[in-house]
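Visitor: Hey, can you work out the whole structure from these sequences and the hints?
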Amino acid sequence: MSQPMDAGTGSATTAGPAIRAQELTKRFGPFVAVDSVSFEVPAGSIFGLLGANGAGKSTTIRMLCGLLAPTSGTATVAGIDIARNPEGVKRRIGYMSQRFSLYNDLTVEENIRFFGGVYGLSDRELVERQRETVRLAGLEGREKLLARELSGGWKQRLALGCAMLHRPGIVFLDEPTGGTDPISRRLFWDVINELAQAGTTVLVTTHYLDEAEYCNELVLMHAGRIVAQGSPGVLKREVITGSVFEVECSDPVAGMSALRGVPEVRETAIFATRLHVSLDRDQDIETALAALRSAGLSVSGHARIVPSLEDVFIRLIDRNGAATE
Amino acid sequence: MRTIRFIIRKEFQQLRRDRRLLPLIFLSPVLQIALLGYAANMDVKDIPLAVCDQDHSVESRQLVTSFLESGSYVAAAYVPDAASAERSIEQGKSSLALVIPPEFGRSLTGRKAAPLQLLADGSDSQSAAIGLTYATLIVSRAQTAQAAARLLGLDPRVLSQIKAVQVDPAVRVLYNPTLASRNFMVPGVLALILMVITTILTSQAIVKEKELGTLEQLIVTPITPRQLIIGKLAPFVLISLVIITVVLFASLLLFGIAVRGSLLVLYALSLLFMLSSLGIGLFVSTVARTQQQAMMISMFFFMMPMIILSGFVFPIESMPPVIQAVTYIFPLRYYFVIIRGLFLKGVSFAELWRETAALAAIGIFVIAASVLRFRKRLE
Amino acid sequence: MSRMRIATIMVKELRQISRDPATLGVLLVVPLFLLLMFGFAISLDVKHIQLAVLDHDTTQYSREFLQSFLHSEYFDLKLVLDRENQIDGLLDEGKVLVAMVIPRGFGRDVANGQRVEIQAIVDGSNGNTAATAIGYVQAVAADYSQRAFVRSLERAGVTGMKTAIDFQPRVLFNPELRSANFLIPGLIVLILMMTAVLSTTLSIVREKERGTMEQISVSPVRPLELIVGKTVPYLFISLVAAATILAASRLLFGVTVRGSWLDLGIVTLIFLFGCLGFGVLLSTLSDSQQVAFLLASLLTLLPTFILSGFVFPFRNMPWIIQAVSYLLPGRYYLAALRAIMVKGVGFPAFGNQVLALLIFAAATGGLSVLRLRRQGE
Chain A
6 MSQPMDAGTG SATTAGPAIR AQELTKRFGP FVAVDSVSFE VPAGSIFGLL GANGAGKSTT
66 IRMLCGLLAP TSGTATVAGI DIARNPEGVK RRIGYMSQRF SLYNDLTVEE NIRFFGGVYG
126 LSDRELVERQ RETVRLAGLE GREKLLAREL SGGWKQRLAL GCAMLHRPGI VFLDEPTGGT
186 DPISRRLFWD VINELAQAGT TVLVTTHYLD EAEYCNELVL MHAGRIVAQG SPGVLKREVI
246 TGSVFEVECS DPVAGMSALR GVPEVRETAI FATRLHVSLD RDQDIETALA ALRSAGLSVS
306 GHARIVPSLE DVFIRLIDRN GAATE
Chain B
101 MRTIRFIIRK EFQQLRRDRR LLPLIFLSPV LQIALLGYAA NMDVKDIPLA VCDQDHSVES
161 RQLVTSFLES GSYVAAAYVP DAASAERSIE QGKSSLALVI PPEFGRSLTG RKAAPLQLLA
221 DGSDSQSAAI GLTYATLIVS RAQTAQAAAR LLGLDPRVLS QIKAVQVDPA VRVLYNPTLA
281 SRNFMVPGVL ALILMVITTI LTSQAIVKEK ELGTLEQLIV TPITPRQLII GKLAPFVLIS
341 LVIITVVLFA SLLLFGIAVR GSLLVLYALS LLFMLSSLGI GLFVSTVART QQQAMMISMF
401 FFMMPMIILS GFVFPIESMP PVIQAVTYIF PLRYYFVIIR GLFLKGVSFA ELWRETAALA
461 AIGIFVIAAS VLRFRKRLE
Chain C
245 MSRMRIATIM VKELRQISRD PATLGVLLVV PLFLLLMFGF AISLDVKHIQ LAVLDHDTTQ
305 YSREFLQSFL HSEYFDLKLV LDRENQIDGL LDEGKVLVAM VIPRGFGRDV ANGQRVEIQA
365 IVDGSNGNTA ATAIGYVQAV AADYSQRAFV RSLERAGVTG MKTAIDFQPR VLFNPELRSA
425 NFLIPGLIVL ILMMTAVLST TLSIVREKER GTMEQISVSP VRPLELIVGK TVPYLFISLV
485 AAATILAASR LLFGVTVRGS WLDLGIVTLI FLFGCLGFGV LLSTLSDSQQ VAFLLASLLT
545 LLPTFILSGF VFPFRNMPWI IQAVSYLLPG RYYLAALRAI MVKGVGFPAF GNQVLALLIF
605 AAATGGLSVL RLRRQGE
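Those protein sequence lines, which keep their order, are chains A, B and C.
Just so we're aligned: the first sequence equals residues 6 to 330 in the numbering used here.
Just so we're aligned: the second sequence equals residues 101 to 479 in the numbering used here.
Just so we're aligned: the third sequence equals residues 245 to 621 in the numbering used here.
If you're looking for bench data, these hints aren't it; they were derived computationally from the structure.
Backbone N, C-alpha and C fix where the C-beta goes; we use that ideal spot for every residue, glycine too.
Honestly, I wouldn't trust all of these hints.
Here are the computed lysine-lysine pairs in the BS3-like style, where the Cα-Cα straight-line distance is at most 27 Å [unchecked claim]:
{"id": "1", "chain 1": "B", "residue 1": "308", "chain 2": "A", "residue 2": "149"}
{"id": "2", "chain 1": "B", "residue 1": "310", "chain 2": "B", "residue 2": "476"}
{"id": "3", "chain 1": "B", "residue 1": "145", "chain 2": "C", "residue 2": "291"}
{"id": "4", "chain 1": "B", "residue 1": "310", "chain 2": "C", "residue 2": "452"}
{"id": "5", "chain 1": "C", "residue 1": "339", "chain 2": "C", "residue 2": "322"}
{"id": "6", "chain 1": "C", "residue 1": "291", "chain 2": "C", "residue 2": "339"}
{"id": "7", "chain 1": "C", "residue 1": "452", "chain 2": "A", "residue 2": "149"}
{"id": "8", "chain 1": "B", "residue 1": "476", "chain 2": "B", "residue 2": "308"}
{"id": "9", "chain 1": "B", "residue 1": "310", "chain 2": "A", "residue 2": "149"}
{"id": "10", "chain 1": "B", "residue 1": "308", "chain 2": "C", "residue 2": "452"}
{"id": "11", "chain 1": "C", "residue 1": "322", "chain 2": "C", "residue 2": "291"}
{"id": "12", "chain 1": "B", "residue 1": "310", "chain 2": "C", "residue 2": "256"}
{"id": "13", "chain 1": "B", "residue 1": "308", "chain 2": "C", "residue 2": "322"}
Reference excerpt, derived from the structure (chain B facing chain C, CB under 7 Å, subset only) [what the hints assert, rightly or not]:
{"id": "14", "residue": "222"}
{"id": "15", "residue": "243"}
{"id": "16", "residue": "264"}
{"id": "17", "residue": "267"}
{"id": "18", "residue": "268"}
{"id": "19", "residue": "440"}
With beta-carbon atoms standing in for the labels, derived distance ranges [as the list claims (entries may be wrong)]:
{"id": "20", "chain 1": "B", "residue 1": "250", "chain 2": "C", "residue 2": "496", "range": "43 to 53 Å"}
{"id": "21", "chain 1": "C", "residue 1": "315", "chain 2": "B", "residue 2": "352", "range": "44 to 54 Å"}
{"id": "22", "chain 1": "A", "residue 1": "137", "chain 2": "B", "residue 2": "475", "range": "26 to 36 Å"}
{"id": "23", "chain 1": "B", "residue 1": "324", "chain 2": "A", "residue 2": "129", "range": "23 to 33 Å"}
{"id": "24", "chain 1": "B", "residue 1": "215", "chain 2": "C", "residue 2": "361", "range": "54 to 64 Å"}
{"id": "25", "chain 1": "B", "residue 1": "182", "chain 2": "C", "residue 2": "496", "range": "27 to 37 Å"}
{"id": "26", "chain 1": "C", "residue 1": "300", "chain 2": "B", "residue 2": "277", "range": "17 to 27 Å"}
{"id": "27", "chain 1": "B", "residue 1": "122", "chain 2": "C", "residue 2": "252", "range": "50 to 60 Å"}
{"id": "28", "chain 1": "C", "residue 1": "284", "chain 2": "B", "residue 2": "475", "range": "35 to 45 Å"}
Guide: Printed below as a string of structure tokens:
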């Protein structure tokens, strides 16, 4: 992958973060979609905005791209103020919107040529980049297919390619892997890593917690606010005090109710057929197991596990949707 | 500008892909003008007349003949009495009924007033009004003839003092000697068709991308509002040129109606008209949030009012001043004057400068408004 | 047919409608707004004909003659000319419709009982208006001649010359010949038709475009149920709109309903069914909302305006075109409206119209179901 065009903002020698948000807020009437969000994204890193639907991720990303004007707060992207010079921002970034917005009734190459042309690529550059993008997306031989005829994974890679045609130093990806199979998602993240290694700053929103592991740094959002921030490792270490055990039990739903009354148990969550039991002290697992057995459930196994981001997330946001600390 | 070229290319590519759209755009005007050009005919002639002659005298037969030979009426039914004449009107079989009572002939020869009744279908006030006017004229002529006949029996000295005044209007009809309403209506139908198609085409232009989500991807690029608007308009301007040619050709072939004025002026001004019409559709597209909204707005606030109020068949001068004021913003109003002037009167540009200026003003205003309204923001 | 499934679809559609108050407002309020705007504006009465006069004679006779024109409500004196070469320019620019030239010696000829010719130059562009204007000119001239004749008879002492023919014209149904009674029903037809067809035509195509149509095809909902469920809410809305504009035409335009309101309601119901069904049919034929809108506009707007008998009489149309008009529901509804409202006749007189409307409703409904079924496979 060749160097990003705007190496000025992408290279490590630039002073200052690629993206900086300060108290960014967006209100739609009485509804606060984004509430005083602040973070910094160093150049060349992969930064994740994590959260459930409606948490405010898309609104945040849209503000950073100059698509929405913030109600209050400031942000700079590549050193440019998003509120004062949104068009300047747009020239330097790539953006992939949530709906993989390609033109469904245009072919692969027509889409590429259009977006390339609109970004000001010369004819020669267009030919080069088209070949590259097609290869990157794995669409050799399929250039004449209509975009709507592509399956999810290809479409997503094509959309990414179209967003990168002008070699921006910063890319914003809004739920880029929504609705695609795990293999496509993996492939996609391979591409993102490649980009980051070449110096491109990537800001991704996702609600897939497993993908969040691939980010250098994360921000967890809930109801418009940031509830946690840090690298995946740091988050797991700091948020989960104590340990998490995975327990195999015959009826997880019943098990969960059984453990509700147990004071030593911090939290319980169902993971398919297993329970994740969160405890302050390792030895409290015996109390938990006893509670399950006395509820008439059989336990086939238990083990201490490394907490996943999902555990982190659940710890932070309880079932009623209120943020806990 | 390069960007505009890319947008235009994309628009054409998309138009080609929608299989049904292009044939519709080019064929439907021809069909419409064939259908509607023949139908838009307001000549009031061959009014169906129910004849009720209860007298069967020479005089009554003469009267009936004068009605039927006037060219304005055609015998729809021969009925025996006034009641069946009324029924004939009720059922819509005839618009007028001539009822000649049994004493008609006798009263005339006996120098008494001979009663004559004419029934008219008021629900069709057009035909009724004109039918009555013609009938009054025919009867009036019959009166004069009768009066002259009666005078023959008078004293010659008295006769010499009587002045048979007869003022005859010698009528000269300009531009359309046959008074065929077709010559007036076909250019009008042409204008209507052009207006409908252009407004529909552009009203979707921007709002469709809004709804599908591609607009978001578009406004995050360096594209400027001006580039987008021009890029969206240009393909339709080209298409408009083709449509104008097609319908002009069709009117010539089907109706033999050719342009008396300059063809170049017609093209130029038609293009100007379509530009302002396209501009209105585009403006609606920037205002509406969904395609459905765009359609409703363009249909109910622009197309239907323009069709009814721009002077196609209902004269603007007869409208209340408030509504007349509204029609000043309708490009169609000016285009009717232009196209009818060019087809019928053979006027030159000099007589049409006012309308041209109005169209230009509307076009510029609407397109500028679209550019200004179009924000590269999402809310 | 499952009533439950239909109800579910209806509820969903109603919810979508209620969340889009703009559309609801348009469907309910706009028909009334349009009726008001158009109803007050349109008329076919040829009045206020702009007249230019060139009087070479300038005698008492010529002035009296001109007065008879101005007293009639048909003519407005716009310009008094002094040169003949002004006439062509005026007519070219459309400033006047008729230019009248009275020759020198007019008064002398009238006084002597000699036939005299005046010139009337008429802008024939709008053949109909021109023919009417000519008719009026002839009528006024004939009337003037008649009155002058009668006066000279009286002066000569000839009395007892009764008018030979006692002409009694009687206008049925609309005695004042108000074109409103003729035109308003046509407006009602046009407005209702456009509202009804547009409301349904977009409903199904929207789902196609958004991709939610697949989910419906996969569900147990049958095509007929889908159509009924999606159409009925709009039927209610259209009925309300119809009621408001019928009421408005009665209250504001004085178009009375001579016949039965019940008949009116039933006929309107059947007509609306057909229109809504037509909208659905169009949406099954289109893949994009744009095409649906194009089809709906092209097939209903201008054809209904021109071919339904609203303004242009059928008998002038070539038989092929008349045949096409038989396909338009607007034609039948208008005939029925005029029969019920203006003529006040009962069911047998407009039975054919009702039958035609029923056939149309059944046809559009049936075709829609067939197409939906085929598309689902």
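Visitor: Take the hints in turn and mark each one as holding or not.
Guide: Right, here's what the structure says about each hint:
The hinted pair formed by residue 308(B) and residue 149(A) meets the criterion: a straight-line CA distance of about 24 Å does not exceed 27 Å. Our distance criterion of 27 Å between C-alpha atoms is met by residue 310(B) and residue 476(B), whose separation comes to about 12 Å. Simply put, residue 145(B) and residue 291(C) have alpha-carbon atoms about 20 Å apart, close enough for the 27 Å limit, and the pair holds. Annotation: proposed proximity of residue 310(B) to residue 452(C) holds, straight-line Cα distance about 16 Å (limit 27 Å).
For the suggested pair residue 339(C) and residue 322(C), the alpha carbons sit about 9 Å apart, so the restraint of at most 27 Å is met. The suggested pairing of residue 291(C) with residue 339(C) holds, with an alpha-carbon distance near 15 Å, which does not exceed 27 Å. Note on residue 452(C) and residue 149(A): the hinted pairing holds, with a Cα-Cα distance of about 24 Å set against a maximum of 27 Å. Using a Cα cut-off of 27 Å, the hinted pair residue 476(B) and residue 308(B) holds, with the two alpha carbons roughly 16 Å apart.
Our distance criterion of 27 Å between C-alpha atoms is met by residue 310(B) and residue 149(A), whose separation comes to about 25 Å. Distance check on the hinted pair: residue 308(B) and residue 452(C) sit about 14 Å apart at the alpha-carbon level, within 27 Å; holds. Note on residue 322(C) and residue 291(C): the hinted pairing holds, with a Cα-Cα distance of about 13 Å set against a maximum of 27 Å. Of the pairs offered as hints, the one joining residue 310(B) and residue 256(C) holds, with about 24 Å between alpha carbons and a cut-off of 27 Å not exceeded.
Distance restraint check for residue 308(B) and residue 322(C): the Cα-Cα separation of roughly 51 Å exceeds the 27 Å cut-off, and the hinted pair is therefore not satisfied. Hint status for residue 222(B): holds, given a least beta-carbon distance of 3 Å to chain C, under 7 Å. Here the hint on residue 243(B) is kept, as its CB sits about 5 Å from the closest CB of chain C, short of 7 Å. Checking residue 264(B) against chain C: minimum C-beta separation of about 5 Å stays under 7 Å; hint holds.
The beta carbon of residue 267(B) comes within 5 Å of a beta carbon in chain C, closer than 7 Å, and the hint placing it at the interface holds. For residue 268(B), the interface hint holds, since its Cβ comes within 7 Å of a Cβ in chain C; the closest pair sits about 5 Å apart. Hint status for residue 440(B): holds, given a least beta-carbon distance of 6 Å to chain C, under 7 Å. As the Cβ distance of residue 250(B) to residue 496(C) is approximately 51 Å, the hint placing it in 43 to 53 Å holds.
Checked against the hint of 44 to 54 Å, the pair residue 315(C) and residue 352(B) passes, with Cβ atoms roughly 45 Å apart. Against the hinted window of 26 to 36 Å, the Cβ-Cβ separation of residue 137(A) and residue 475(B) comes to about 33 Å, which satisfies the hint. Between residue 324(B) and residue 129(A) the beta carbon distance is about 24 Å. The supplied range of 23 to 33 Å therefore holds. Range check, residue 215(B) to residue 361(C): Cβ separation about 34 Å, and the 54 to 64 Å hint is violated.
A C-beta distance of roughly 35 Å is found between residue 182(B) and residue 496(C), which places it inside the suggested range of 27 to 37 Å. Evaluation of the 17 to 27 Å hint for residue 300(C) and residue 277(B) yields a pass: the beta carbon distance comes to about 25 Å. As the Cβ distance of residue 122(B) to residue 252(C) is approximately 39 Å, the hint placing it in 50 to 60 Å is violated. Judged by the Cβ atoms, the range 35 to 45 Å given for residue 284(C) and residue 475(B) holds: they are separated by roughly 38 Å.
Checked against the numbered hints above, the structure breaks hints 13, 24 and 27 and satisfies the rest.
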